[in-house]
Every structure is written in C-alpha cells, then in structure tokens.
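Student: Since the structure of chain W is provided, determine the placement of chain D on it from the hints.
There are 2 protein chains.
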Amino acid sequence: MKKVKIPEATIARLSVYSRFLNRMEKNGVDTVSSGEIAKGTASNSAQVRKDFAYFGGFGKRGVGYDVIDLNRNIKEILGLNKEWRAIIVGMGNLGKALAYYHGFSTRGFKIMGLFDNDPQKIGEKIDTLTVQDDQVMEKFLDNNEIDIMILTLPAEYTQAVVDRVEGKGIKGILNFAPTVIHASEGTQIRNVDLAVHLEVMSYNLTHSINKEQE
Amino acid sequence: MKKVKIPEATIARLSVYSRFLNRMEKNGVDTVSSGEIAKGTASNSAQVRKDFAYFGGFGKRGVGYDVIDLNRNIKEILGLNKEWRAIIVGMGNLGKALAYYHGFSTRGFKIMGLFDNDPQKIGEKIDTLTVQDDQVMEKFLDNNEIDIMILTLPAEYTQAVVDRVEGKGIKGILNFAPTVIHASEGTQIRNVDLAVHLEVMSYNLTHSINKEQE
Chain W
2 MKKVKIPEAT IARLSVYSRF LNRMEKNGVD TVSSGEIAKG TASNSAQVRK
52 DFAYFGGFGK RGVGYDVIDL NRNIKEILGL NKEWRAIIVG MGNLGKALAY
102 YHGFSTRGFK IMGLFDNDPQ KIGEKIDTLT VQDDQVMEKF LDNNEIDIMI
152 LTLPAEYTQA VVDRVEGKGI KGILNFAPTV IHASEGTQIR NVDLAVHLEV
202 MSYNLTHSIN KEQE
Chain D
2 MKKVKIPEAT IARLSVYSRF LNRMEKNGVD TVSSGEIAKG TASNSAQVRK
52 DFAYFGGFGK RGVGYDVIDL NRNIKEILGL NKEWRAIIVG MGNLGKALAY
102 YHGFSTRGFK IMGLFDNDPQ KIGEKIDTLT VQDDQVMEKF LDNNEIDIMI
152 LTLPAEYTQA VVDRVEGKGI KGILNFAPTV IHASEGTQIR NVDLAVHLEV
202 MSYNLTHSIN KEQE
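Quick note, the sequences are listed as chains W and D, same order.
For what it's worth, our numbering labels the leading residue of the first sequence as 2, then goes sequentially.
For what it's worth, our numbering labels the leading residue of the second sequence as 2, then goes sequentially.
Misleading hints may appear alongside valid ones.
Remember, identical chains collapse to one label, so a pair may be satisfied in a single copy or spanning two.
Taking lysine-lysine and the BS3-like style, the derived pairs with C-alpha atoms no more than 27 Å apart in a straight line are [to be verified]:
1. K51 / K6
2. K76 / K51
3. K122 / K6
4. K122 / K27
5. K140 / K40
6. K40 / K76
7. K40 / K169
8. K126 / K169
9. K122 / K61
10. K172 / K40
11. K83 / K111
Calculated from the structure, these hints are not laboratory results.
This is chain W alone, in the form it adopts within the complex:
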C-alpha cells in the first residue's frame, strides 16, 4: 500500500462504517451502496467513497460493495483481525459504564481486569469481572499480556498510574481524565475529552453548521 497519510477522521469513520456493516451482515444483506452506508452512519456517499479511495476503493461492482468482503477489509485495516487485551483503571461511573459496555468485546477488545484503590469498590462484581485492588496491578500485568490501559481516574491520580506500569508491555493508553499524560516513547496515548463533543456542537450551532448536511 502506498504511504499516503490517511486523515484520522477517515480512520474514525471506517470504524463507524464497519459497525454498520456488522449489522448488515447480521441481517443477511449481501451488498450495499455507498449511499446506504452513508445513510446508516450519518455520513454522505461522497465522503464514504473518498474514505474508501485511500485504500483503493474496495472493488465496488455495479451492484455495490460486497458486505462481508468490505467489512473484512476494513477490519483488517483497523487492526481488528486480532484480539486486543485491555484493563480499566478507575471504577467510578465512567469506568463502570465502559466495563459494562459490550461494544468493546464484540469488536475484539477484551477487558481482562478492573482496578480501583477504593476498598468499597474492590471485590465488586461488574459483569463477568471482579474489581481488583490496584496494588496488584503491576503483578497482574506481569502475568497477563495486556495491550491497552483505559484510564477513568480523577486527573490527579492519572500520571502516577501511567508511571507505575512503565515497562509492563502496555502499548496504548486511552485516557478519559481531563489532563495530559506522558508515557515513554512508543506508547500510544489517546485523550478522550467528553467536553470536546459539546464544544464542537456549540461551534456548529453558533455558526449554523449542520453536520449532517456537510
């Protein structure tokens, strides 16, 4: 594949398209058009085709895209043809919401452990897992190959946890705390800031930009 820099927004949309294609697969649909994909994902068909063009267009035929083929291709691009193993640190409401969220496991992200330092929370059963004392986290990481750490901690505790797991094989950190964290080079950090979504909405409302019409 050519070394073209692919916009992150395209990757994010591929993820959304793939979820839509999963539903189509489940419903036994064989082929879809870019218009159908757009309609099912609040995108538009020109955008869908443009996103696909980065990867050679995925061999559309007269009748549309082959649902199974297209989804397999997209999942492979996204790196979802393997299982990613994750832990969640911080079992507040957000941590619990993520632990209960089945949208992760169905996409190949397996939550392997839940951690907190609150004695009230340690031992609590959440879905199929039990919240563990965060003091055993390093040992857990030594004994289990974990790729991704999801941090749903108060901002002031976040960096300390990142420092503690240095060298334990964590490849990516998804940080929900409104703070910038630093990890060793080679560890991918993604900060999820929920207020951003409201502020982009505020911008669009203020400037009368209708997202769906773009």
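Tutor: Relative to the frame of chain W, chain D by itself:
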C-alpha cells in the same frame, strides 16, 4: 471572517487548547508560546499555529500569545460566550458519570435536568439534581428553555425519545447510543461512539503510527 471551511479536527483542538489556557489563566500565566500550548495539549506547535491561522493567527507577539485574549477569542469562536442549557436522558452509569462531570458546567454547559424511566432511579439525587420521571420530560421542555439533549440510553429507546421532543426547542443532540438517530432538519446530531477511540488506537498500533510524533 472569510468563509473558509474549517476542519472539525481544528475545532476540536481549539476546545482542548482553551481548556489548557483556562489552567494557565488560573495559574496567573500572562503569555504562552505555541510550543507551550502544544506541550500542554499533546499537540505540536506547527499544528497549533496552523489551527490558529484559520482565524488570522490571534496576534502573536514576540513574547507569545496573551493568554486571556487568546482564550477569550477561542471561546467566542466556539460559541462559549453564552450559557448552553442541557438535559441528560438515561441515568445508567454513563449518564451518571456525565451528570457528575464538572467539566461541562465550567465550560458553560449547564445540566438542567436528568431523566429516566426506571422507578428505581427516579428521585435519586445526583450531584445537585434529582432524577425525574421521563414522562414529565416534554412538560419540562415546555417550561424550560433547553438547547441540548444528551442521550445515554440503550440504543433501542433512543429514537423514540428523539421523536417525543420534536418541536420542543432542542437545537442539538449528543447521542452516546451506538445507533444512528434522525431528527428534524436544523437539529444538530452528534454521535459519540466510544469504541471509535479504541479502533483508531488499534489502527495506529497496527501501522506503528505514534500519534504524539505526528
């Protein structure tokens, strides 16, 4: 201002920059460089300057940007110089997490009401608000000017709630359910799909893209 199409990623970053500038203001910092903004927001200084260039560059002087001026400008662009009033519908773990999240109110998003249809949850006190029966939601919207509805409902209930509030003045809907919803034209819909963040991370890890080095 020229009618240049500004990338949504730029708007999202402005939101993050502004949060950083808030902290600088609080700490009594007068001026910042693009490098400092980049470091504090996991961006890079070329990106910061490129984002600012869409708005004329914000009058950087030799010493850097004036923190207060810059933040006021960005907030005005984002439409944060007014109060946005929101309700949250669905008081599961995610709804609760958002209701307790003070990052919204400090940015001018005031949560005015919480709703659920579960008798176990109705009447529960969450922060300063009490969960209301979702049957009174329409009446609440008649009596209160609400701009934004945040939906943290199971996917299958989401569209029905959107249909019920049609014509009640809701300008924007932030939907956390993994389903595409439809509202009347002019209502801004943003779908927040938490799995997307993991899948973009999976893509970056698979293709050895280090986000912070970009």
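Student: Work down the list of hints and note, for each, if the structure agrees.
Tutor: Hints, verified against the model:
no.	hint	verdict
1	K51 / K6	both (14 Å within a copy, 17 Å between copies)
2	K76 / K51	within (18 Å within a copy, 32 Å between copies)
3	K122 / K6	neither (44 Å within a copy, 48 Å between copies)
4	K122 / K27	neither (37 Å within a copy, 34 Å between copies)
5	K140 / K40	neither (47 Å within a copy, 32 Å between copies)
6	K40 / K76	within (20 Å within a copy, 33 Å between copies)
7	K40 / K169	between (43 Å within a copy, 25 Å between copies)
8	K126 / K169	within (25 Å within a copy, 41 Å between copies)
9	K122 / K61	neither (51 Å within a copy, 49 Å between copies)
10	K172 / K40	between (35 Å within a copy, 21 Å between copies)
11	K83 / K111	within (11 Å within a copy, 42 Å between copies)
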